[in-house]
Amino acid sequence: MTQIRRMSLLIRRCRLDNYWRCMKLRNLAKIRELHVSSLINLGPVRNFCNSHASPNILEDKIRRYLDYVTKEYKNEASKSNFFEFIDLKTVGHLLDDRTHLVENIQNLQDLAKQDVEMKKLAKEEETLYKEQLNELDERLLDNILINICKESYDSIIIEITAGVGGQEAMLFVKDLYEMYMGYAKYLDLTHEVIDMETNDNNGIRHVSILLSGDETYKLQYEGGVHRVQRIPATERSGRVHTSTASVAILPTPSKVQIVINDKDLKIETKRASGAGGQHVNTTDSAVRIIYLPSGLSVSCQMHRSQIKNKEVAMIKLRSILYEQQLNKQTTFISELRQKQMGMKSRNEKVRTYNYNQDRVTDHRLQNGTMYNLPEFMQGGVALEKLEERLHKDIQMKTLLEIINKLQTQIKY
Amino acid sequence: MWCRSILKTRAVFSNPSISTYVQCLTINSPNFVTLRHPVRRSFSSNACDYTVGDIIDQWSRRFENEGITEPVESIEHIVAHVIGTKKIIDILNVRNNRLNANQIEKLESMCECRLSRMPVQYIIGEWDFRDITVKLVPPIFIPRPETEILVDFVLKRLNSLQLDSCEILEIGCGSGAISLALAHACEKIKCTAIDTSPYACDLTIINRDKLNLANRVTVIHATLKSDATVEVFKELNGASDMDLNLRLFDFVVSNPPYVPTKHISKLQPEIRIYEDLRALDGGDDGLKIIKPLLKYTAKVLKPGGRLFLEVDPTHPEYIQFFTNKYPDFKLHHEHTYKDFCNNDRFVEVVKAA
Numbered sequence: 001m002t003q004i005r006r007m008s009l010l011i012r013r014c015r016l017d018n019y020w021r022c023m024k025l026r027n028l029a030k031i032r033e034l035h036v037s038s039l040i041n042l043g044p045v046r047n048f049c050n051s052h053a054s055p056n057i058l059e060d061k062i063r064r065y066l067d068y069v070t071k072e073y074k075n076e077a078s079k080s081n082f083f084e085f086i087d088l089k090t091v092g093h094l095l096d097d098r099t100h101l102v103e104n105i106q107n108l109q110d111l112a113k114q115d116v117e118m119k120k121l122a123k124e125e126e127t128l129y130k131e132q133l134n135e136l137d138e139r140l141l142d143n144i145l146i147n148i149c150k151e152s153y154d155s156i157i158i159e160i161t162a163g164v165g166g167q168e169a170m171l172f173v174k175d176l177y178e179m180y181m182g183y184a185k186y187l188d189l190t191h192e193v194i195d196m197e198t199n200d201n202n203g204i205r206h207v208s209i210l211l212s213g214d215e216t217y218k219l220q221y222e223g224g225v226h227r228v229q230r231i232p233a234t235e236r237s238g239r240v241h242t243s244t245a246s247v248a249i250l251p252t253p254s255k256v257q258i259v260i261n262d263k264d265l266k267i268e269t270k271r272a273s274g275a276g277g278q279h280v281n282t283t284d285s286a287v288r289i290i291y292l293p294s295g296l297s298v299s300c301q302m303h304r305s306q307i308k309n310k311e312v313a314m315i316k317l318r319s320i321l322y323e324q325q326l327n328k329q330t331t332f333i334s335e336l337r338q339k340q341m342g343m344k345s346r347n348e349k350v351r352t353y354n355y356n357q358d359r360v361t362d363h364r365l366q367n368g369t370m371y372n373l374p375e376f377m378q379g380g381v382a383l384e385k386l387e388e389r390l391h392k393d394i395q396m397k398t399l400l401e402i403i404n405k406l407q408t409q410i411k412y
Numbered sequence: 001m002w003c004r005s006i007l008k009t010r011a012v013f014s015n016p017s018i019s020t021y022v023q024c025l026t027i028n029s030p031n032f033v034t035l036r037h038p039v040r041r042s043f044s045s046n047a048c049d050y051t052v053g054d055i056i057d058q059w060s061r062r063f064e065n066e067g068i069t070e071p072v073e074s075i076e077h078i079v080a081h082v083i084g085t086k087k088i089i090d091i092l093n094v095r096n097n098r099l100n101a102n103q104i105e106k107l108e109s110m111c112e113c114r115l116s117r118m119p120v121q122y123i124i125g126e127w128d129f130r131d132i133t134v135k136l137v138p139p140i141f142i143p144r145p146e147t148e149i150l151v152d153f154v155l156k157r158l159n160s161l162q163l164d165s166c167e168i169l170e171i172g173c174g175s176g177a178i179s180l181a182l183a184h185a186c187e188k189i190k191c192t193a194i195d196t197s198p199y200a201c202d203l204t205i206i207n208r209d210k211l212n213l214a215n216r217v218t219v220i221h222a223t224l225k226s227d228a229t230v231e232v233f234k235e236l237n238g239a240s241d242m243d244l245n246l247r248l249f250d251f252v253v254s255n256p257p258y259v260p261t262k263h264i265s266k267l268q269p270e271i272r273i274y275e276d277l278r279a280l281d282g283g284d285d286g287l288k289i290i291k292p293l294l295k296y297t298a299k300v301l302k303p304g305g306r307l308f309l310e311v312d313p314t315h316p317e318y319i320q321f322f323t324n325k326y327p328d329f330k331l332h333h334e335h336t337y338k339d340f341c342n343n344d345r346f347v348e349v350v351k352a353a
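Chains F and B supply the protein sequences, listed in that same order.
Residue 86 in full-length UniProt numbering sits at position 86 of the first sequence, and the numbers go up by one each step.
Residue 112 in full-length UniProt numbering sits at position 112 of the second sequence, and the numbers go up by one each step.
The reader is advised that the hints may include incorrect statements.
When the alpha-carbon atoms are kept at most 35 Å apart in a straight line, the in silico DSBU-like pairs for lysine-lysine are as follows [said to hold, decoys possible]: (1) 87(B) to 218(F); (2) 190(B) to 302(B); (3) 130(F) to 71(F); (4) 291(B) to 266(F); (5) 302(B) to 255(F); (6) 308(F) to 106(B); (7) 86(B) to 210(B); (8) 255(F) to 266(F); (9) 262(B) to 295(B); (10) 266(B) to 266(F); (11) 291(B) to 262(B); (12) 270(F) to 330(B); (13) 255(F) to 262(B); (14) 338(B) to 263(F); (15) 270(F) to 266(B); (16) 270(F) to 302(B); (17) 270(F) to 262(B); (18) 308(F) to 266(B); (19) 338(B) to 325(B); (20) 185(F) to 130(F); (21) 325(B) to 255(F); (22) 106(B) to 190(B); (23) 156(B) to 266(F); (24) 106(B) to 266(B); (25) 266(B) to 302(B); (26) 330(B) to 291(B); (27) 263(F) to 188(B); (28) 263(F) to 325(B); (29) 288(B) to 270(F); (30) 308(F) to 210(B); (31) 302(B) to 263(F); (32) 113(F) to 218(F); (33) 325(B) to 190(B); (34) 349(F) to 218(F); (35) 330(B) to 156(B).
In silico negatives: residues of chain B with every beta carbon more than 12 Å from chain F [unchecked claim]: (36) 83; (37) 98; (38) 105; (39) 146; (40) 292.
Please keep in mind that the hints were generated in silico from the structure rather than gathered at the bench.
Because the structure is a prediction, the values reported are computed rather than measured.
Where a beta carbon is used, it is the ideal one built from N, C-alpha and C, also for glycine.
Sequences are here, hints too, so could you generate the full structure?
The following block contains the structure:
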């Protein structure tokens, strides 16, 4: 219940117009098919919501929401912009079916009122219809949820930085780095380390990896503080230490989303002095770009080709500017997006890796504990499953916010 | 000639390793040069005990002491090559590993070459140019990073003109970097690459075949003469005979020799000793090749066709003067572009329609 209260507070804070804009934004993104087979067997509502609040209230809420959607859909004149995030092509016929079902049920109820003998018969048929309605509602909900929190980016930059814990934290960064590299291979993403800072002890202070491929969204909830509890390799007296590493997921925006004027850039290379061109032969291909309006500087020296280093540096710059731009917005959209992308939660503890107890616990989920840590650290199917759970959880939370929002606006 | 220029180094550097290297260079044609490693004379008697990190530290210090430029980068690239990667950053993961005896032998002979100021690109035998990796063999000119930007301008122009196909002539292809990068980047492009050095042509063919671009890049051993005609010695593709003075092209691209002769003696030893100076030496004013190139280009460009040149920062002004002085050539100086270091480096010339 406290969660609900908190949620409604959150919603009261947001303004309506932002919310619609948010929906528009989301619709611009391509439709991505999600695997929702697991939802068909279990009641999706119950499946989703038991972690948030008591199921009855929520089920009721969603039922009423679907009623409202159906009504609005039937009533074509009022094609309000609130349909924008519902894909009418796929959902339309479901809504038609639902209208029929509701009408049938209504008819049956009317019939039962008129005739006492029919009442028993009608009752039986009504339960049948209600079952169908439930099934239909589940499919409807699935289809609506698909479009919620749907993010697609061609590529992302994942940054892992050592937090508290000195040497041990850096060793943990290396573990995380290996986990994400394994995950990238598992998802068949192209991955490229674009920046890395190591220490003498085989640990990593900071690393950035550029990932691109169809399934980069399967990393979107990794952002946040990851905590490790174990006896460090560097520890002599055998005490358990707690250290942290922070993970940031930066979606790399397209050239259209972040337009950078060439005049705002100062590009520096080590070849700057002297005549350059054929007069010089060096192997140094490092590129540094200074973004003059804010003095922000990014650099890359990963590649032997200077122009590729420049490209990577530009990707980095665009990602940082994009993140800054998102952080500046203190609107409902950005709040939602930040939650989705885990940007806001950079400082939020999201997961604990406990080596002694052989477990991983994700703090954003109830029952978020998984065992078999070594397998998890390989970054395979276990991590993918966790990401899916997080995705569904956040989708549901978002839908509830939307519903609450609607409730306060329109009495339905 | 290139052999001679290298052989001079034997006098300068009486280093057994480099002379071994040079011997094998002179015996074989440059395409088949493989690093023949001299008898191992360990830099450190028990090198096998050192980690990769130690080796890098030791050699970079030695390079520094001996006045080798880019001491750290040099050894890092050599180590990366020995462990079979292109990226220096991969070394970070193996700093605590140890190399095996074979690797150490290879590494030490490569370092000896570096001590003789051989460019790292020749030592490891390859370098990256945009998205492609080209094999490099002394004394064929090592592509410079500036030239990557030249390719960028060509591709951008191609995009803005929205041509369905594009025939490009490259004059002085060297290792083939420009033509191959262009053909690799865009399906529409067909390149004809010529070079006056048969060894450069052979190297371009090797690089071309590695990239499977044989159907779109033709290599011709030909020379641009001072009377602004091109003499074809031998067409290396076996394709139809072609007179390069009659064919027309959409674009002409070139990174011609443009270093004024008086500057050649001041170049760093890596260039002066190891690179074919004919690929750099542009005569007294650096325009020895550029002048006939402009005249020749005026003949072979289609109306509306374009010439892209990499030049010395002092040259764009002359090219502008040239195009104004000879209106008969119907050339028009379109734009001068800067490189990353803010030098006027690239010139785009349009042939009037």
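A quick look at each hint next to the structure:
1. 87(B) to 218(F): holds (27 Å)
2. 190(B) to 302(B): Distance of about 15 Å is within 35 Å: holds.
3. 130(F) to 71(F): holds (18 Å)
4. 291(B) to 266(F): The hint holds at about 34 Å.
5. 302(B) to 255(F): holds (34 Å)
6. 308(F) to 106(B): Roughly 29 Å between the alpha carbons, so the hint for residue 308(F) and residue 106(B) holds.
7. 86(B) to 210(B): The hint holds at about 17 Å.
8. 255(F) to 266(F): holds (18 Å)
9. 262(B) to 295(B): holds (25 Å)
10. 266(B) to 266(F): The given pair, whose Cα atoms are some 30 Å apart, holds under the 35 Å limit.
11. 291(B) to 262(B): holds (19 Å)
12. 270(F) to 330(B): violated (39 Å)
13. 255(F) to 262(B): Distance of about 45 Å is beyond 35 Å: violated.
14. 338(B) to 263(F): holds (13 Å)
15. 270(F) to 266(B): holds (20 Å)
16. 270(F) to 302(B): Violated. Residue 270(F) to residue 302(B) sits at ~39 Å, over the 35 Å cutoff.
17. 270(F) to 262(B): holds (25 Å)
18. 308(F) to 266(B): Distance of about 30 Å is within 35 Å: holds.
19. 338(B) to 325(B): Distance ~24 Å between residue 338(B) and residue 325(B) Cα, so the pair holds.
20. 185(F) to 130(F): Status violated; Cα separation ~46 Å.
21. 325(B) to 255(F): violated (42 Å)
22. 106(B) to 190(B): With a Cα-Cα distance of about 39 Å, the restraint between residue 106(B) and residue 190(B) is violated, given a limit of 35 Å.
23. 156(B) to 266(F): Cα-Cα ~21 Å, so holds.
24. 106(B) to 266(B): At roughly 32 Å apart (the allowed maximum being 35 Å), residue 266(B) and residue 106(B) satisfy the hint.
25. 266(B) to 302(B): violated (40 Å)
26. 330(B) to 291(B): holds (15 Å)
27. 263(F) to 188(B): holds (31 Å)
28. 263(F) to 325(B): holds (33 Å)
29. 288(B) to 270(F): holds (30 Å)
30. 308(F) to 210(B): Given pair residue 308(F), residue 210(B) holds - Cα atoms ~21 Å apart, limit 35 Å.
31. 302(B) to 263(F): holds (34 Å)
32. 113(F) to 218(F): violated (53 Å)
33. 325(B) to 190(B): Between residue 325(B) and residue 190(B) the Cα gap is close to 32 Å, so the pair holds against 35 Å.
34. 349(F) to 218(F): Cα-Cα ~19 Å, so holds.
35. 330(B) to 156(B): Holds: residue 330(B) and residue 156(B) sit about 23 Å apart, inside 35 Å.
36. 83: Fine: 15 Å to the nearest Cβ keeps residue 83(B) off the interface.
37. 98: holds (14 Å)
38. 105: holds (23 Å)
39. 146: violated (5 Å)
40. 292: At roughly 18 Å from the nearest Cβ of chain F, residue 292(B) sits farther out than 12 Å, so the non-interface label holds.
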